[in-house]
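**Student:** The primary structure of each chain is shown beneath.
Number of protein chains: 2
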Amino acid sequence: MNDIFEKITSLAKRRGFVYPGSEIYGGLGGFYDFGPLGVELKFNIKQAWWRDVVQFRDDVVGLSAAIIMNPKVWEASGHVSGFSDSFLECTKCRKRFKIEELEQEKEKKFICASCGEIFEGKVRKFNLMFKTSIGSTEDSASVAYLRPETAGGIFVNFKNVLDTMRVKIPFGIAQIGKAFRNEINPKDFIFRTREFEQMELEYFVKPGEDEKYFEEWLERRLEWYRSIGLKNIRTYEQAKEERAHYSKRTVDIEYKFPFGWQEIEGIANRGDFDLKAHIKVSGIDLSYFDEEKKEKFIPYVIEPSAGVERIALALLCDVYHEEELDSGDKRIVLKLHPKLAPYKIAIFPLLANKEKLVELARRVFNKLKEEWFCAWDDRGNIGKRYRAQDEIGTPYCVTIDFDSLEKDDVTVRDRDTMKQERIKIKDLKDYFSKFL
Amino acid sequence: MNDIFEKITSLAKRRGFVYPGSEIYGGLGGFYDFGPLGVELKFNIKQAWWRDVVQFRDDVVGLSAAIIMNPKVWEASGHVSGFSDSFLECTKCRKRFKIEELEQEKEKKFICASCGEIFEGKVRKFNLMFKTSIGSTEDSASVAYLRPETAGGIFVNFKNVLDTMRVKIPFGIAQIGKAFRNEINPKDFIFRTREFEQMELEYFVKPGEDEKYFEEWLERRLEWYRSIGLKNIRTYEQAKEERAHYSKRTVDIEYKFPFGWQEIEGIANRGDFDLKAHIKVSGIDLSYFDEEKKEKFIPYVIEPSAGVERIALALLCDVYHEEELDSGDKRIVLKLHPKLAPYKIAIFPLLANKEKLVELARRVFNKLKEEWFCAWDDRGNIGKRYRAQDEIGTPYCVTIDFDSLEKDDVTVRDRDTMKQERIKIKDLKDYFSKFL
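Order-wise, the sequence lines are chains A and B.
Residues in the first sequence are numbered consecutively from 1, following the numbering used here.
Residues in the second sequence are numbered consecutively from 1, following the numbering used here.
It cannot be assumed that every hint is accurate.
Identical chains blur together in the list; that is why a pair holds if it fits in one copy or across any two.
[Unchecked claim] Heads up, simulated SDA-like pairs for lysine to any residue below, C-alpha to C-alpha not over 20 Å straight-line:
#, residue 1, residue 2
1, Lys131, Ala179
2, Lys384, Met165
3, Lys367, Leu436
4, Lys168, Arg379
5, Lys369, Ser433
6, Lys168, Ala352
7, Lys429, Glu371
Simulated from the structure, these hints should not be mistaken for laboratory data.
One chain only, chain A, in its complex shape:
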């Protein structure tokens, strides 16, 4: 497992998907920077989600709340008092672990997973929220937190949306944005980090209809993963004792990572826990009034909550292939769904020093990039350029050669089949429109 995961993380760094955060300063644990390819991949994932969850429906609206909210939001939600982790520190090497990460010896002694020391456990707690302060001098500043999840911003704006968007139950509010957790042990590359991006939907329903909509959203989300080509997923139904205290039901969507099955999305029936908590602390009425039935109630909420980086990592693992070619060479290819691929088409002038070839290739490039994000590559032999594009998942390569100058056609090469076709330049847009 380590071998393949190492290959994937190494490719991610080498080809500009993911860089360690602040690398020239020795990095910063749990923080990553997304390079030119990674930012496009993440953007394409987010856009596919937003289209499916918001724009293709007429019962979901979007939102983008601030990362820093009034601290009362997190008092009401229970995060200030309860969003904490317990940890143990090895008395010898000072490394810290969650309890479940350590093997226990008798009499409350633990075996350090790093140095092997057997030490007496002294469990300490700490809140996972990053704290900061607002205001102009420290003495008068007020404490605030970086949001540990985006959902809070949605509940706090429930009434605003109700008052301004003329929505009717059932309806949803969706949000994509960063969240922060001061994890004890960030790990598994971009799987568990301290700064990450969430895609969350809170879908408000009438109590009693919650189970029906839970099923609908679970099916819809699985369908979405199928639509972006992610295989190797399964659902995991959380047992009562695993669920958060407010959850009536939670199903995780898990991906089979090289380091094991892990959650990439959770779908929870949160009941009316959140709205009730905010009603209690804010004193504002957050109930819903059904005009037709003249009924007032506090909606239940179904929450599909997914992690952007986790999906990106799952995709990288899922589409990574090493293939033996007829020539005996090996190629690495990312078989990303075309709508997720950073570049859709790569344009190659056969030779970089032939002005006429480059000029025609430029024209093809300029024409295609009106519609799709295209790469330009004029270095090395064509075989090497194919390998380079395969490695970053570009679905099509277009080569402009000497024949192109006479016949106004080009070679289009398919990433997955490696088949090549000659296509007239004037037909290229129609040709690609069928696939992209």
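The hints should help you fit chain B onto chain A, whose structure is shown.
**Tutor:** Chain B alone, transformed into the frame defined by chain A:
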């Protein structure tokens, strides 16, 4: 001025563009939440920028660095020691002001702009960066900052991009993301906030070619504002004493807000200040080697840096119109460029209780939303629905009426001209493709 600005901010809240942050908890100064319409407007601005600055070029790549970086990044950039504001506190009402906000009396006395008290000035300094700490207990935690600008993430990744993307000078790295500043007096609605989103490009050039590229980017950025239909802008050349110490030249692009001409973007020639500073503190060689000319140098950088919320606010102000209709009624209309409008098309079944009308309208809606983000409205009379869509800038409204059932055509109404046309349902996609 206050009248028109109040109308615009009120529309922004009433129609779901902008809500005060954490409103049910009494808000949080300097923080705003973007509602269903605002999130689409901001997204469309960011996408238009990204397409123009990254995807339509082959010399600029994207990046998305973490908000929390190694604190050494901000030591090197000078933010830890120098990114501070001076303020004065009124001894009576305790309100705080920047020095330039107060009128000065003789003998270092100031007149409070809030309560009028004349008080003795005691200038205090504080750093504008939000501080937090990383790690599992406060005693061992290390200080970190929320980035005060996105540019830092770009300079720190200069070498990563150079090593993995095969870019050649001149080339740029672009980034869109949140930044945070602990402003003393956030003001003017979403113009000066504590959490905001930046669109920054660092364009690396050979020293000596910096002035030429400065001119190119200034022109290109002005052209971009024209392309999104923003009028009432001007450039402002900063005098030497106004510029940051490292800047060889700075030109602001200003918009004529109801509260005065204010910067929405700054274009700066930062020379080699940033790369040199990071070389010094990190000890890593960040110079560029020109393979062809066998020359090694530290690039200069041209930085166009724009604020997403500032552009959004400028747009709202710019496209807000009140028009007297022939009927004597008044209409409010946002004449947003179609590519920025949150909804592109609104679909109206003439009557909500006629099943056949609704069914046909649904079909039109489902067909059009494959291509464009569409609104659905079946409430009230058609005139009111037009007014409602005008107010949020929807370029086209499509009404399905009884004639539609027989003739398979619909009424398409243009937001700006208010002219109506009958269009066959099968031709709708082609029709709108011309405009959207």
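**Student:** Could you run down the list of hints and mark each one as holding or not?
**Tutor:** Consistency of the hints with the structure:
1. Lys131 <-> Ala179: Classified as both: same-chain Cα gap 13 Å, cross-chain 16 Å, threshold 20 Å.
2. Lys384 <-> Met165: So Lys384 and Met165 pass the 20 Å test across copies only (15 Å; inside, 53 Å).
3. Lys367 <-> Leu436: Classified as both: same-chain Cα gap 15 Å, cross-chain 19 Å, threshold 20 Å.
4. Lys168 <-> Arg379: Between copies only: 12 Å across, 57 Å inside.
5. Lys369 <-> Ser433: both (13 Å within a copy, 18 Å between copies)
6. Lys168 <-> Ala352: Between. Shortest inter-copy distance 15 Å satisfies the 20 Å Cα cut-off; intra-copy 60 Å does not.
7. Lys429 <-> Glu371: both (8 Å within a copy, 17 Å between copies)
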